[in-house]
Structures are given as structure tokens and as C-alpha cells.
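Student: These are the residues of each chain, in order.
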Amino acid sequence: MSAAIQKNYFLLRRLHSLSGIIPVGAFFLIHMLLNSRAAQSPDQYQWVPDFLDQIPYLVYIEIGGILLPILFHAVLGVVIAVKGEPNVTRPQHGWAENWGYTFQRITGVLLFILIAVHLWQTWWVHTRIKLDNALNGTHTEFEIYSLMNGIFVNAGSGGAVSYNWLWLAIYALFVLAAAWHFGNGIYNFACKWGFSTSRQSQRFALTLGLGIGAIGMVMGFASIWGLTFAPWATAVH
Amino acid sequence: MAQTVRVKVRRQDEPGAKSYWQEFDVPYTQGMNALTCLQEIQKNPVTVSGQAVAPVVWESACLEEVCGACSMRINGIPRQGCSFLVLDPQKPLTLEPMSKFPVVRDLIIDRSRMFQALLDSHSWIDIDGTHDLGPGPRQSPKDQSWMYVLSRCMTCGCCLDACPQVNEKSDFVGASVISQVRLFNAHPSGKMHADKRLDYLMQPGGIVDCGNAQNCVKVCPKEIPLTQSIAEMGKQTLAYGFKRFASKPDLEM
Ligand code: HEM
Ligand code: HEM
Ligand code: SF4
Ligand code: SF4
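As given, the protein sequences belong to chains S and W, one line each in that order. Each step along the first sequence adds one to the number in the numbering used here, with nothing skipped, and position 227 is 227. Each step along the second sequence adds one to the number in the numbering used here, with nothing skipped, and position 169 is 406.
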């Protein structure tokens with residue numbers, strides 16, 4: 001361990017903990033909220049990138065405000081995860097909080113992979129279009145609804161459609177893992193920073209956290225429904 | 238024939254050697270505890286297959302769950318051998334050394350790292366001077382009562398054994414010393430060295446390495462509210478961290 005890390009270890013770990021809530025956790029909730037507009041209509045969904053693209057310096061805000069903090073949380077998170085030795089499988093060690101500890105690590109590593117794939121599928125596609133437009137002076141619309149719809153629904157011949165169950169399962173798992181990791185993370189955060197010390201207040205933080213995670217989960221599933229199973233999802237084909 | 242209890246012991250001949258299992262049948266007596274079983278093995282160190290072996294060694298002192306010397310993993314859970322009663326002779330008893338400490342031999346482990354942590358963290362109160370310092374400040378009975386609970390820690394190591402964050406890949410010191418820092422920092426005389434103890438907790442391997450698995454509090458035989466202590470010290474280290482960053486250098490001579 002280098003001397004700088006050694007000296008600032010406390011700060012580094014507290015920043016990791018904080019980054020899980022702000023900005024990463026906050027982004028997760030907003031992201032799910034905006035994505036859930038797919039459950040209203042493709043136009044509503046298109047409103048999101050159209051609106052966001054009006055923000056000046058958007059790409060820098062995205063990179064500095066979202067992607068780099070996620071990278072920081074993710075890399076340090078993997079280091080933390082591999083340093084632990086989960087022991088829920090030991091005899092009589094299967095307490096609920098111990099499972100929580102273990103799942104926090106499993107979902108973390110899972111999210112690392114899923115977020116990488118997800119960025120490649122979505123953000124990078126959009127950013128490339130924006131870069132091309134800027135370089136060539138062209139104007140191409142970013143069709144966000146058909147991009148996501150294309151992941152979940154296969155257009156067959158003659159208007160027939162079939163669902164891409166593999167990607168649907170992966171995204172369902174993605175939403176579940178993120179929602180649970182964030183929800184349990186709120187509880188961990190409350191314990192770690194000393195907001196919740198007594199047993200009752202730690203219980204309360206867990207309930208609150210899982211409740212907030214569940215809201216994110218519902219919005220995430222609504223997004224998937226809107227992109228796949230809603231009447232307009234198959235009508236576009 | 239009298240009833241017997243099957244005892245499975247994980248044995249190890251010397252530090253660093255490979256461990257192996259041996260099984261013994263010992264005569265059952267009502268009210269016997271795990272250490273009584275070991276005494277029976279000592280009297281007649283013959284395994285179930287009739288092989289005469291060296292007696293199993295263990296450590297114990299007080300025999301009333303206040304010294305922590307006989308801590309071992311009994312049926313998978315870290316606890317004290319003296320206070321584990323054998324209630325049902327039908328159920329086999331599994332004895333293993335605790336898993337997070339170097340094994341000296343059989344069930345004897347070396348808990349030096351915990352005592353070192355108490356030293357490094359300044360977990361004591363400085364009362365010795367070259368002259369009589371007089372009586373210390375008074376404590377309210379209310380404070381005395383909750384601090385008494387923390388003071389019951391016997392450095393037995395069960396909380397380290399159960400903790401997933403305490404392992405060979407990490408320097409984490411474990412829950413007990415965090416709770417001791419809380420105790421000594423709350424003491425009216427101990428307060429004078431509070432910063433020193435907080436500095437200790439903020440090093441690598443200190444408080445931020447807790448992953449909130451909360452196993453420690455479940456296995457602590459003295460029912461010390463360890464997770465509460467960890468959260469409380471999380472708060473105190475944070476406040477102190479701000480102070481250290483923002484104003485401390487000016488306050489020093
Ligand atoms: C229902 C599931 C989801 C859908 C439909 C979805 C959709 C999208 C889309 C369309 C984009 C591209 C936005 C743009 O560039 O304009 C995007 C970006 C992104 N998504 Fe998701 N997403 C989902 C779940 C998640 C989850 C669970 C996470 C993890 C927290 C996540 C993290 C991100 C990140 C980090 C970006 C890049 C954001 C940026 O920097 O602008 N997504 N997502
Ligand atoms: C990208 C991969 C990710 C990895 C590898 C990861 C890993 C981890 C790990 C190992 C912890 C436990 C830290 C500890 O015990 O000290 C943790 C905590 C946390 N994570 Fe993540 N995580 C990831 C993504 C996310 C995302 C997308 C969110 C938000 C939706 C998030 C929110 C949190 C929160 C709120 C905590 C609690 C902070 C604390 O322990 O004090 N993480 N993460
Ligand atoms: S806190 Fe409890 S389990 Fe840990 S060493 Fe002290 S008495 Fe043992
Ligand atoms: S709460 Fe912290 S110290 Fe206690 S067992 Fe869990 S990780 Fe270890």
C-alpha cells in the first residue's frame with residue numbers, strides 16, 4: 001500500500017461510502033425515474049435525452065459527475081469485496097445481516113460487469129452519434145426508444161415479434177441487483193457514519209433503505225415493461 | 238454401559254502444521270461442559286478406533302466465562318468451552334481452534350494480536366504519576382452502568398473469529414478494540430487521550446474496514462453492543478477527522 005493511500009485511508013473509505021449514496025445512488029434513482037417514462041409513451045421517453053442534451057457541457061457533467069464516481073466506487077468496491085471472506089456457509093452463521101454483507105459484495109461485482117455492458121450498449125452509442133454529428137456537422141436524431149426496444153424485442157418478418165428473454169432477464173437482474181445494493185447500502189451507510197447507532201434505529205435504516213431501493217426497482221421494472229410489453233412496444237415494428 | 242458423548246476434535250501438532258480430525262467417545266455425566274469432555278479425553282486419550290494418541294491440549298483458567306482463555310469453535314460457533322453445557326449426549330460435539338489466530342497446538346491459539354491492539358490503541362487510563370494525582374472526576378451512575386457493559390470484554394476473540402472482514406488478506410483489527418476505545422474515550426480521565434485513540438482507529442485496518450456484517454455482536458458471550466460501539470465510533474472518528482483537517486494544527490503547540 002502506497003504511503004499516500006495509507007495516510008488517507010480513512011478518507012478514501014469514507015468517500016467510497018459516500019459515493020455510493022451521492023452521486024451514484026442518487027443517479028440510480030433519477031435514472032430509473034426518467035427511464036420509467038417509457039411506460040407512458042415513446043415520445044415521453046424521447047423527451048429525456050432531448051431535454052438532457054440541452055444541458056451545456058453535458059458530456060463533461062456525465063463523465064465527471066456520474067461515470068468517474070461510479071468508476072471510483074466500482075474499483076475500490078471490488079478491492080474491498082475481494083479482501084473480505086464471507087462466511088454465511090459456516091455452521092450457524094447464516095444471520096440476516098451476514099447474508100446482507102455477502103450480497104452487498106456479490107451484487108457489487110455483478111454490477112461492475114453489468115454496468116460496463118450497459119454503458120457499451122447505451123451511453124456509448126449515444127455519445128458516438130453526438131461525436132459524429134459534431135465532427136461532420138451533420139444532424140442525426142438519437143432514437144432512444146428504438147435503441148432500448150431493439151435490445152428487448154426482435155422484429156420478425158411480417159410484423160411478428162418475439163421477445164429477447166436473455167436480455168430481459170439480464171436487465172431484470174440488473175435492476176434488482178442495483179436496487180438491492182443501493183437499499184442495503186443506505187443501511188450500511190447509516191451505520192458506518194453513525195447516523196444509526198441503536199438497534200432500533202439500525203432496523204429503521206434498513207427498512208428505509210430497502211423501501212427506497214424498492215421504489216427504484218418498481219420504476220426500473222416499469223421501464224422494462226414500457227420498452228417491451230406495452231402496446232406501443234410492439235407497434236413500432 | 239454408561240452413556241457416552243461423541244467428541245470430534247480438529248487437532249494440530251505444532252504451529253503451521255496441517256490439521257486433522259480425531260473422534261473420541263467420552264462418558265456422559267449430567268451437567269458436563271465442553272471442557273469436562275476434554276478432561277475425559279485427557280484421562281483416556283484413545284480414539285473411537287482404539288488408537289492411543291497424545292491427549293488433546295487446550296487452555297483454560299477461570300472456568301466461569303470471564304477470562305476468555307478457553308475460547309474455541311464449538312459446533313462451528315466461537316464461544317467458551319467452560320460455559321457450553323452438553324445437554325444432549327446423542328448430539329456429537331465438534332471442537333475446533335478459533336480460525337483467525339495462529340494455532341499453537343490443538344485448541345490453543347495465540348491471541349497476541351488482540352493484546353497488541355489494546356496497547357497500540359492506548360486502551361487504558363493513565364493514572365500513574367510521580368506524585369499523588371488525587372481522586373479522578375466523578376461519573377454519573379447512568380454512565381457507569383452503560384460503560385460497565387463495555388468493560389466486560391475479556392478479549393476472548395470470538396468477535397474476530399466470526400467476522401468476515403478479519404482475515405489474512407486484511408489488517409482489520411476487529412470489533413473488540415473499537416468498543417474498548419469507545420469505553421476509554423468516554424471515561425472522564427481517559428478522555429484526555431481521546432485523540433490518540435481516534436488516530437489509531439483511523440489507520441488502515443481501523444474502523445472503516447468494518448463491513449457491517451454484524452456477526453460480532455451475535456457471538457459476543459458478554460453481550461457487548463459491538464455494532465452500536467462501531468457506529469458510535471464511526472461518528473466520533475468522522476467528527477475528529479473534520480477537526481483534525483480543519484483546525485487541529487493551529488491548536489497544537
Ligand atoms: C430498466 C433498466 C435500464 C434502462 C432501460 C436504462 C437505459 C439507459 C439509457 C437509454 C442510457 C443512455 C442515456 C443517454 O446516453 O442519453 C443509459 C445510460 C446509463 N445507465 Fe442505464 N438503464 C437501465 C438501468 C440502469 C441501472 C440499474 C444502472 C446502474 C446504476 C444504470 C446506469 C447507467 C449509467 C451509469 C449510464 C450512463 C449515464 C450518463 O453518463 O449519462 N442503468 N441507461
Ligand atoms: C459498479 C460496481 C459496484 C461495486 C463493485 C460496488 C461495491 C460495493 C462494496 C464492496 C460495498 C461495501 C463497502 C464496504 O463494506 O465498505 C459497496 C457499498 C455501497 N454501494 Fe456499491 N458497488 C458498485 C455499484 C454501486 C451502485 C451502482 C450503487 C448505487 C445504486 C452503489 C451504492 C452503494 C452504497 C449506497 C453502498 C453503501 C456504502 C457503505 O458501505 O457505507 N454501489 N459497494
Ligand atoms: S467484544 Fe465480546 S467477543 Fe469480542 S473479545 Fe470482547 S468479550 Fe470477546
Ligand atoms: S459488524 Fe464489522 S466488526 Fe462486526 S462482524 Fe461485521 S464486519 Fe466484523
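Read the hints as simulated data drawn from the structure, not as lab findings. It cannot be assumed that every hint is accurate.
To be verified - Subject to a maximum C-alpha distance of 27 Å in a straight line, what follows is the list of computed BS3-like cross-link-like pairs (lysine-lysine): (1) W:379 with W:428; (2) S:83 with W:455; (3) W:455 with S:7; (4) S:7 with W:379; (5) W:428 with W:328; (6) W:472 with S:7; (7) W:472 with W:379; (8) W:255 with S:83; (9) S:130 with S:7; (10) W:455 with W:480; (11) W:255 with W:459; (12) W:433 with W:379; (13) W:472 with W:433; (14) W:455 with W:379; (15) S:7 with W:433; (16) S:83 with W:406; (17) W:255 with W:379; (18) W:255 with W:245; (19) S:83 with W:472; (20) S:7 with W:428.
These figures come from a predicted structure and were not determined experimentally.
Student: Can you give the numbers of the hints that this structure goes against, from lowest to highest?
Tutor: 3, 4, 5, 9, 10, 11, 17
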